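Quick mapping for you: the protein sequence lines, in order, are chains A and B. The opening residue of the first sequence carries number 1 in my numbering; numbering runs sequentially from there. The opening residue of the second sequence carries number 115 in my numbering; numbering runs sequentially from there.
It is possible that part of the hints are untrue.
Claimed, not checked - Here are a few chain A residues that face chain B, going by a calculated C-beta distance under 10 Å:
#, residue
1, E44
2, L60
3, F65
4, S87
5, A88
Unchecked claim - Listed next, the stretches of chain B that the computed footprint assigns to chain A, with coverage defined by at least 3 CB atoms under 8 Å from CB atoms of chain A:
#, region
6, 154–168
7, 214–221
In short, the hints are calculated from the structure, not lab data. Because the structure is a prediction, the values reported are computed rather than measured. Here a beta-carbon is modelled for each residue, glycine too, at the ideal position from N, C-alpha and C.
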Amino acid sequence: GAGVSQSPSNKVTEKGKDVELRCDPISGHTALYWYRQRLGQGLEFLIYFQGNSAPDKSGLPSDRFSAERTGESVSTLTIQRTQQEDSAVYLCASRGGVRNTEAFFGQGTRLTVV
Amino acid sequence: RKEVEQDPGPFNVPEGATVAFNCTYSNSASQSFFWYRQDCRKEPKLLMSVYSSGNEDGRFTAQLNRASQYISLLIRDSKLSDSATYLCVVARSGGYNKLIFGAGTRLAVHP
Numbered sequence: 001g002a003g004v005s006q007s008p009s010n011k012v013t014e015k016g017k018d019v020e021l022r023c024d025p026i027s028g029h030t031a032l033y034w035y036r037q038r039l040g041q042g043l044e045f046l047i048y049f050q051g052n053s054a055p056d057k058s059g060l061p062s063d064r065f066s067a068e069r070t071g072e073s074v075s076t077l078t079i080q081r082t083q084q085e086d087s088a089v090y091l092c093a094s095r096g097g098v099r100n101t102e103a104f105f106g107q108g109t110r111l112t113v114v
Numbered sequence: 115r116k117e118v119e120q121d122p123g124p125f126n127v128p129e130g131a132t133v134a135f136n137c138t139y140s141n142s143a144s145q146s147f148f149w150y151r152q153d154c155r156k157e158p159k160l161l162m163s164v165y166s167s168g169n170e171d172g173r174f175t176a177q178l179n180r181a182s183q184y185i186s187l188l189i190r191d192s193k194l195s196d197s198a199t200y201l202c203v204v205a206r207s208g209g210y211n212k213l214i215f216g217a218g219t220r221l222a223v224h225p
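The shape of chain A in the complex, shown without the other chains (with noise of 0.2 Å):
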């Protein structure tokens, strides 16, 4: 596709119930990142791939969060018995393997936790 997809746009869910969401990324783009964003506060990072190396999962909060991407396909961050507190904006962003290029982000997927 023309730039990054995520699905779904928005989510609402129950206090405990599993998600999964889905970020499509620029054909191409060896790089792929997660971050979360609550209502009013800066972007924080999830998780990023790279390739087929090891992810970094070093943002991800707590176990109930996961992610996996196939090689540089299709991403899903799985949020596991979800909080309240998980309630926020899930972006996703890819960007190529030179240098200096710029990240492109998905519009987005505004999760409610009820």
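With chain A's structure known, arrange chain B on it following the hints.
Just chain B now, kept in the frame of chain A:
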């Protein structure tokens, strides 16, 4: 200490004003630098890359000081449409450069 630090603002300025944002980074091996803009309830988008010699794009000027590990963004002749949050972004050295975002500086331009 955060790896990338910015003054959160908000900066409230009148139209036509000149405003400057600063950003400091802690990793001296950082190699790539960017300014992104994020409008309310939208995703961040690249405003401009920052080059060692400094660079200008219309009313926007970006500067890099590697010795002080400091990046700046200057906006001249502010417009109402410049109201947004400005994010400083630093890419770590090595391989494919993981991007680290600052928390952003909010700018509000008023008539």
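Hint check results:
1. E44: holds, 9 Å
2. L60: violated, 15 Å
3. F65: Since the shortest Cβ distance to chain B is 18 Å, the answer is violated.
4. S87: Since chain B brings no Cβ nearer than about 15 Å to A/S87, farther than 10 Å, the hint is violated.
5. A88: violated, 13 Å
6. 154–168: holds (count 6)
7. 214–221: Since 5 is at least three, the answer is holds.
The structure fails hints 2, 3, 4, 5 (numbered hints given earlier, in ascending order).
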